[in-house]
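From first to last, the protein sequence lines are chains A and B. No gaps in the numbering here: position 216 of the first sequence is 216 in our numbering, and each next residue is one more. No gaps in the numbering here: position 674 of the second sequence is 1674 in our numbering, and each next residue is one more.
These are computed hints drawn from the structure, not numbers from a lab. Hints may contain errors.
Covered stretches of chain B, going by a simulated chain A footprint (3 or more residues, C-beta under 8 Å) [stated by the list, open to error]:
#1 1611-1621
#2 1675-1682
#3 1732-1741
Even glycine gets a Cβ: it sits at the ideal position worked out from N, Cα and C.
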Amino acid sequence: MQYLAPTTLDDAVSMLAAQAGDCRVLAGGTDLLVRMRSGFAEPDAVMDIKRIGALREITTEDGGFRIGAAVSGAEMAENAALVAAWPGVVEAAGLIGSTQIQGRATMAGNLCNASPAADSVPAMVAAGAVARLASAAGTRDVAVEDIPAGPGKTNLKPGEFVASIFLPARPARSGDAYLRFIPRTEMDIAVVGCGVSLTLDAGGTCTAARVALGAVAPTVILVPEAAQAIIGTKLDDAALDALAAACSAAAKPIADKRGTVEFRTHVAGVLARRAATIAKTRAGEQA
Amino acid sequence: MALDTKSETRQFTVVGTRPLRPDGIDKVTGRARFGADMTAPGMLIGLVLRSPHAHAKIKRIDTSAAEAIPGVHAVVTRADFPVIGDNDFIADILDNCMAGEKALYDGHAVAAIAASSGAIARKALKLIKVDYEVLPHVTDVDAAMKPGAPVLHEGRANETVPEGMSSNVVARYEFGHGDIGAGLAGADRVLERTYRTEATHQGYIEPHACLAQMGPDGQADLWCCTQGQYMVRDTCAAILGLKQGQLRVTASEIGGGFGGKTTVFLEPVALALARKSGRPVKMVMTRSEVLRATGPTASSSIDIKLGMTKDGRITAGFAELRYQGGAYPGSPVEFGAMSAFAPYDLDHVKTVGWDVVTNRPKQAAYRAPGAPMAAFAVESAIDELAKGFGLDPLEVRLKNAAREGTRASYGVTYPAIGLEATLRRAKDHPHWTAPLGSNQGRGVACGFWFNFGGNTCVSMNIAPDGTVNVIEGNPDIGGSRASMSMMAAEELGISYDQVRTVIADTASLGLNDVTDGSRVTFAVGLATIEAARDAKREMCKRAAMVWGIEEDAVEWKDGAAHPAGPNAGSHPPMTLAEIAAIASNTGGPIAGHYEVNAEGAGVSFATHMVDTEVDPETGAVKILRYTVFQDAGKAVHPAYVEGQFQGGAVQGIGWALNEEYIYGADGTLQNAGFLDYRIPVASDLPMIDTVILEIPNPGHPYGVRGVGETSIVPPLATIANAVSAASGVRMADLPMSPPKVLAAIKGA
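Let the hints inform the model, and build the full structure from the sequences given.
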């Protein structure tokens, strides 16, 4: 097995393009190394992107944030401006693994691992995040919800990898939140996850919203009906009931060792209601 | 208090203090050597090929392609082991370590390879061709008992099993006294309910590991992680046809066992590979192998009939217990049937236990094996009846509590015991009256364990500079080196720092039974004290020689020999160090010994109390507060005793809430890893408060009782009672995982 460690993006895309065999991109490695160690992945080459300076940075761009693909969850949590603007995205990334894992795990890796239960992905989808993909042909921007194709599969083309994630600028009175259900309190995988991002007007009426669910379908799903249920409302009980019902209706989970269909369907609604309430409070605090 | 009448009014100086643990620095620096830390020159790596089927006939195994790989030194299958003719116990262990005619569960070993590297062994493993004929399987205990269920073995039922039952039912046990019908007739209410528990794994952090070597002369050495090196020696010798004295087994440091390391899995296979290859062979299990192929405990299905008067007197108790212990006879249902009603003084009590085999891994002991499930059923039923009558559940238990002189449901008459003391202390504790919020509930339950003594051999060597070594033969799994050093120091009248306790290999000390039954602090402690007394007698003899007086005119106190009695004369006392320094001139080295098959272990009781909060929208259960009240007899090192109380409670919390073996429709284990086999993590738990009671055990010189197992008996019912109080629905099916609790709330 070959270990590649480019120091520039240009080198990285050309190295990746030159690989004939199975080459995996290594960011934090908290999924890839585990898969290799347990024999589920036997790549011919691994390309480590952590030595590319630009991919280790969080920069502001058009009022939003560009988060390099090799930025860890811990680094995100230490960026005060990012935490203030996108607390839900940061807390979702912060749920991945233990304190030690947080020093390595990245949102880009979490996205490309393509687990329907990935914690940061529903939060990114709710946030309207956009992934910038790099390849020898150049770069292209793709909405985060369009990256996963199914469990363990992405829509990335051969020779292409995620270089950064962009979180857009926030209007005033905006807030986001991510909640997951796990049987324990940490070190676990989402049985259901829900991200909500919303914006209020001066009177407290919701003017824009995005709602995403994890672990209830083969990929993380954006639920426009759930957003519609709260847009134009003040997130009163009736609106939250409609939001919960829309999420439960959109959930198409499987029954497995982690939960039954009934449980996941019900809890999707419960989490949506709770996450929306937190997002509303955060939006109000930003007035 | 009457319970204290048998206590020795002894003032301890070392026992009861909390010195630093002797293995602490090694363990925090990584210097401690566990099972996987041993290497040998020329060592090979051994790996096991395991059945992907729950139940299959092994028609043929072709190892030729694997053997042709360069670097592969040996491949073994069952054909490489002798036939065990007349010993079902050993034959079952061998069959579990290496399948014979059939693979009996997902993960059952069918072949093993030793190769010069792990990569070569992994590659070669894939080249072993096994021709399986897949058979119907059964993993549920009630399903396995039904006529027509897939049968694992014919002809294994013993004479206790009535004709006409499924061949999977292999033994029946019955205990009790009185007349259940008459007792139930005297009740104001009779509760009948069925309770179920899932199999749980001991969850020790260190996977099984060993290093084996065997020369052409038949002399063999084995280094392994085990709860009993003598058990490993005797079992491997019987399986491989070796002489016990030719196989030396050394126990490594142990990263947890909880009963699960009281048998062998890899060790006979590693020895067989070492014999065949002529090279040392190391084997280390993965976590997946640990979960699939080592012993979890039994799953259970239990019917209870319990009668109670409206003032809380239990008029009769009946339990029918069905335990599956995996693919071989030996589920712990007998202990379940014996212990179910052990905390109570009942006129009419009966238990019937059924031992059932299924297509699951062979169960191994797990901390008070068989008792937690039985206590879950009985203590849940008592709680439900007490609450139905509006009675205080602690008062109901006090009203029915077993005391000194009570005839236990399993036949013995109790000496001084501590159940009542734990209940009274629980009732007086601030936890019992602390306020509860909405969706919160409090539960209590009691538990019992027998405890054990057994074969024990200890030596004590006095070094010329007056320091002392205690040599014992049980791995230190719960602080026994500290406890032995403390008891030796106490008895010799010297400081804890002057004593170091080491664990001997099987060639260096006589037989010591496996570390089970919470026996070590009791039995090895007893032998350590007696070995110290033996050494003291010798040291008094040496002092008498120096002083030119009779031996019986010398007594030992405060760490020195003193002249005593009318004819002793006047001599300055000789300290242990002074006597040791001149030992060469007074008869040679000084040592003490003691050998015993110890009895009088002293039963142990506990009462647990927990507050839980249930999320009515998700079914999630949070443990808010937990207090353990347990009789330790005498706590030698209270910090370790508290650790045992806390550890049992935590394992019980896991068993009650989220731990379970989940099987797919194909009979394969779905959650063979710590992600989906959910033991509690630190953030799931509050500080577990402990209250140590000391009702001395008359069978031990210092009053010690075993403490390691009782603490896992009450939690299942304690938590179920609290969750039932918090949610308003009775939870009779473990684990109380969120989907199950939510479904119960929605169905109520």
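Each hint, compared with the structure:
1. 1611-1621: holds (count 4)
2. 1675-1682: Answer holds; 5 residues pass the 8 Å Cβ test.
3. 1732-1741: holds (count 3)
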